[in-house]
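As they're listed, the protein sequences go chains A and B. Residue numbering for the first sequence follows the numbering used here, beginning at 16 and increasing consecutively. Residue numbering for the second sequence follows the numbering used here, beginning at 16 and increasing consecutively.
These aren't lab readings, by the way, just hints derived from the structure by calculation. For clarity, every value in this text was computed on a predicted model and none was experimentally measured. Zero decoy hints are in this set.
Because identical chains cannot be distinguished in the list, a pair is counted as satisfied if it fits within a single copy or across any two copies.
Derived DSS-like pairs (lysine-lysine); straight-line CA-CA distance at most 27 Å:
no. : residue 1 : residue 2
1   : Lys161    : Lys83
2   : Lys120    : Lys110
3   : Lys62     : Lys83
4   : Lys83     : Lys160
5   : Lys120    : Lys83
6   : Lys120    : Lys132
7   : Lys47     : Lys62
8   : Lys110    : Lys62
9   : Lys162    : Lys83
10  : Lys160    : Lys120
Protein chains: 2
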Amino acid sequence: MQDIIYMREALKQAHRAFDNNEVPVGCVIAYKGRIIARAHNQVETLKDPTAHAEMIAITQAASALGSKWLQGVSVYVTIEPCQMCAGALVLARIKRLVYGADDPKTGAFGSACDILKTRGLNHSFEVTRNILCRESSFIISEFFKKKRRPIKKAGVN
Amino acid sequence: MQDIIYMREALKQAHRAFDNNEVPVGCVIAYKGRIIARAHNQVETLKDPTAHAEMIAITQAASALGSKWLQGVSVYVTIEPCQMCAGALVLARIKRLVYGADDPKTGAFGSACDILKTRGLNHSFEVTRNILCRESSFIISEFFKKKRRPIKKAGVN
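Here chain A stands alone, though its shape is the one from the complex (with noise of 0.2 Å):
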């Protein structure tokens, strides 16, 4: 019920980031039943390949708890992290990542790779899918679907 209440806390995250135009993935932090770090991926506003959503959350994190780890922390993700974000979440020796739906193209916890199975990983945590995933990666289909609709052309006919 927790992980249900965060992970819409994410996915108002994510329907900011639709808002806003960028790929809808939202994040948010919890730590001792309090939220402590919410983002939503800004690459397109930031012009920055490294904003993604779990990226500014941890650093938001980071500074809340001012430590460079995130030690008994979870993570909630709308969407599968990249190798980018998981690479990350290790780095920050989180407790527990909670994410909605698989991304089959770039998620690293299973669809194109499993960062848990690097050989010699010094931190590992626990991953729970599939909660909100529906709600998860709709968001994410109508986003591109609105993206490759034609826009129409003013003043012809």
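Position chain B relative to chain A; hints supplied.
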């Protein structure tokens, strides 16, 4: 020859990290014969697990070019990038990566894993290794030697 010049600049950044008590990794990014980003590892200073030299340099370079894609850039880094940084280099669509020394524990270009072998990867690039390898690994081993050295207790005899 040009590679050695740029790698010397990356090494200068690694020395800055060393002086700030950070794991000494440095990075510069070059575009059309000019350095557009220089950064060193700042994980301890910023208390941010994502603040690797490469990540900071990628954000700087994207800002310099006004683009989320770093097409045509070459990235020089003293140590083989980890999975987070490797993922960011793929997302940034760089042209070429040049690095100094392998990182057997976490390197993502053949040591711990090889990100360029991920299935379905939508961007790849040339990788050149072993440029100023000895200098790049020497500064790392000096750093960890210093860390392990016992601190002399003040006021004991």
